[in-house]
Amino acid sequence: MTDPVPVITVDGPSGVGKGTLCQWLALRLGWHLLDSGALYRLTALAALHRGLALSDEAAVAAVATALDVAFLPGADEMRILLDGAEVGAVLRSEATGDAASRVAALPAVRAALLQRQRDLRRLPGLIADGRDMGTVVFPDAGLKLFLTASAAERAQRRYKQLIEKGMNANLAGLAEEIAARDARDAQRTVAPLRPATDAEMLDTTGMPIARVCEWALMLAARRLSIPVIP
720 MTDPVPVITV DGPSGVGKGT LCQWLALRLG WHLLDSGALY RLTALAALHR
770 GLALSDEAAV AAVATALDVA FLPGADEMRI LLDGAEVGAV LRSEATGDAA
820 SRVAALPAVR AALLQRQRDL RRLPGLIADG RDMGTVVFPD AGLKLFLTAS
870 AAERAQRRYK QLIEKGMNAN LAGLAEEIAA RDARDAQRTV APLRPATDAE
920 MLDTTGMPIA RVCEWALMLA ARRLSIPVIP
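Here my numbering is used: the sequence shown runs in plain steps of one and ends on residue 949.
Simulated from the structure, these hints should not be mistaken for lab results.
You may find that some hints are simply not true.
[As the list claims (entries may be wrong)] The calculated lysine to any residue pairs, modelled on SDA-like cross-linking and capped at a C-alpha distance of 25 Å, are:
(1) 879 x 808
(2) 879 x 893
(3) 879 x 896
Remember, it's a predicted structure, so these values are computed and weren't measured experimentally.
Could you put together the complete structure from these sequences and hints?
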């Protein structure tokens, strides 16, 4: 029997450092990278490109099933390709986010993307970034990580990101948005945000990202017998 392709899942709320850690691990190990949250945005974008109504559940689910996407770790941030073209900028727009929230409510789309995520499991391995990677999508992952951080620090991190990009931001407003999102994610009936029972937990509050990466790499070496070169 062939051993399954190794997977490291990294779950947790926004602003805890999941994205940075996942990109670093993918580059360090030479593994594939999955940003699960981007898949709903990509599905919505692909459906709009095809002129579909976002309320057409069967048609949008078909798009999700055949989605041609790639997540490529980059020097500064992950590169996201849809049908071979980079779509990172438009993917993060408010319009795409609104469209994504509409398709995410369709059960057939959620089912299609569940399999789509699992199909990204390829050799030599996969780093999966999300909220239900270790509990729903890859329950058999060899290493499951769950990151947390205080709401205040997460708001500060997001505020800094926006200011550095030249965008207006309100720290108090960001803190409120984060708290509201946490509540929604934790209380939803489908795939609520929670750590897997066998997940390794880490509170990243006040912790440099380099230390977070070292912690994750140490666990990967121990749990998955990955040779680590200093």
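Decide if the proposed pair is consistent with the structure: residue 879 and residue 896, CA atoms, cutoff 25 Å inclusive.
-> 15 Å, holds
Within 25 Å, alpha carbon to alpha carbon, are residue 879 and residue 893?
-> At roughly 11 Å apart (the allowed maximum being 25 Å), residue 893 and residue 879 satisfy the hint.
Taking 25 Å as the top limit, are the C-alpha atoms of residue 879 and residue 808 close enough?
-> 19 Å, holds
Every hint, counting from the list given before, is met by this structure.
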